[in-house]
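Enquirer: Next come the chains, spelled out residue by residue.
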Amino acid sequence: DTAVSQTPKYLVTQMGNDKSIKCEQNLGHDTMYWYKQDSKKFLKIMFSYNNKELIINETVPNRFSPKSPDKAHLNLHINSLELGDSAVYFCASSRYQGLNTEAFFGQGTRLTVV
Amino acid sequence: GQQVMQIPQYQHVQEGEDFTTYCNSSTTLSNIQWYKQRPGGHPVFLIQLVKSGEVKKQKRLTFQFGEAKKNSSLHITATQTTDVGTYFCAGPFSGGYNKLIFGAGTRLAVHP
Chain C
45 DTAVSQTPKY
55 LVTQMGNDKS
65 IKCEQNLGHD
75 TMYWYKQDSK
85 KFLKIMFSYN
95 NKELIINETV
105 PNRFSPKSPD
115 KAHLNLHINS
125 LELGDSAVYF
135 CASSRYQGLN
145 TEAFFGQGTR
155 LTVV
Chain H
768 GQQVMQIPQY
778 QHVQEGEDFT
788 TYCNSSTTLS
798 NIQWYKQRPG
808 GHPVFLIQLV
818 KSGEVKKQKR
828 LTFQFGEAKK
838 NSSLHITATQ
848 TTDVGTYFCA
858 GPFSGGYNKL
868 IFGAGTRLAV
878 HP
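Chains C and H, in that order, are what the protein sequence lines are. Just so we're aligned: 142 in my numbering is position 98 of the first sequence, and the numbers increase by one with no gaps anywhere. Just so we're aligned: 815 in my numbering is position 48 of the second sequence, and the numbers increase by one with no gaps anywhere.
Quick caveat, the hints were computed from the structure, so don't treat them as lab data. Just so it is clear, the structure is predicted and the values come from calculations on it, not from any experiment. Yeah, the Cβ is synthetic: ideal placement off N, Cα and C, and Gly gets one too. A hint or two may mislead.
[Unchecked claim] Among chain H residues calculated to face chain C with C-beta under 10 Å, some are:
| # | residue |
| --- | --- |
| 1 | 776 |
| 2 | 789 |
| 3 | 860 |
| 4 | 866 |
| 5 | 869 |
| 6 | 872 |
| 7 | 876 |
Looking at chain C on its own, in the form it has when it is part of the complex:
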C-alpha cells in the first residue's frame, strides 16, 4: 500500500480554470503538508495541517485553499489558475508535531497551466 498517495499525477489545464489535488496518507500521521517544487527543484512549504487544523500558511496567494476533512486527508484547491502555478506539488505527512521527525512524500502532481 502506498503510504502517501496523491491524485492526479499529471494535470494539464488552461489558465483561469479551477482544479483540485487530493492527498491521503495511511500512516496514521497527525501532520500533513503541501509543498511546491519549481522548475529549479526548489522545495517550498505552502501549508501544514495538524489534526485537521491549519498551522502553517506561508505567503501563498489566496487562490490556493487547502482543506483537511480528517487527519488522513489534505486536499488542495486552486482557483483561477495562472501560468506561474505550473510546478510539481507534493503532499507529505509526518508523525507528529515536533522537531525530530521525517517527512513522507507523495508521488507528486505535475501541474501544467497553458
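Knowing the structure of chain C, use the given hints to seat chain H on it.
Expert: For chain H alone, kept in the frame of chain C given last:
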C-alpha cells in the same frame, strides 16, 4: 529569515568517483535531515542527524553533522549510476510547527 544553503548546485562525476554535498544553516539546528529525489520521483528520507559532530554511514554514504550543528555534509564513495538524483538537506524551522526548511538541493549526474 532562516535559511539552509546547499552547495554545489550541480555535480557531474564519472562512475567510481566520490561526491560530496555541503549544507549550511543560518541558525543552529536541533537536527538535520537528508533526502534523495530520483529524476521524476519524490523526495525520500535518507537519514536524520541529531548530535553535534555525529557521523552516520549507510553503505557508501557518509553523513556528518557539524560540531556547531549549523552545517552538514553527505559524502558518497565510488558513485554508481543508481546514485543519480537530487540530494536535499533540510532543517527544522526554529519557530517550531514541525516545518522543514529545505536546501536548494545538489543535482548529481553520474556518467558511466
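Enquirer: Decide, hint by hint, whether the structure agrees.
Expert: Verification of the supplied hints:
The beta carbon of residue 776(H) comes within 9 Å of a beta carbon in chain C, closer than 10 Å, and the hint placing it at the interface holds. Of the supplied interface hints, the one on residue 789(H) is violated, with its beta-carbon coming no nearer than about 17 Å to a beta-carbon of chain C, more than 10 Å. The interface hint given for residue 860(H) holds, since its Cβ lies 9 Å from the closest Cβ of chain C, which is under the 10 Å cut-off. At a threshold of 10 Å, the smallest CB-CB gap from residue 866(H) to chain C is about 6 Å, leaving the interface hint in force.
For residue 869(H), the shortest C-beta to C-beta distance to chain C is roughly 4 Å, which falls under 10 Å, so the interface hint holds. A distance limit of 10 Å between C-beta atoms decides the matter here; for residue 872(H) the minimum to chain C is near 5 Å, and the interface restraint holds. Below 10 Å, beta-carbon pairs count as interface contacts, and residue 876(H) has none with chain C, the closest being about 13 Å; its hint is therefore violated.
The structure is inconsistent with the numbered hints 2, 7, although it conforms to all the rest.
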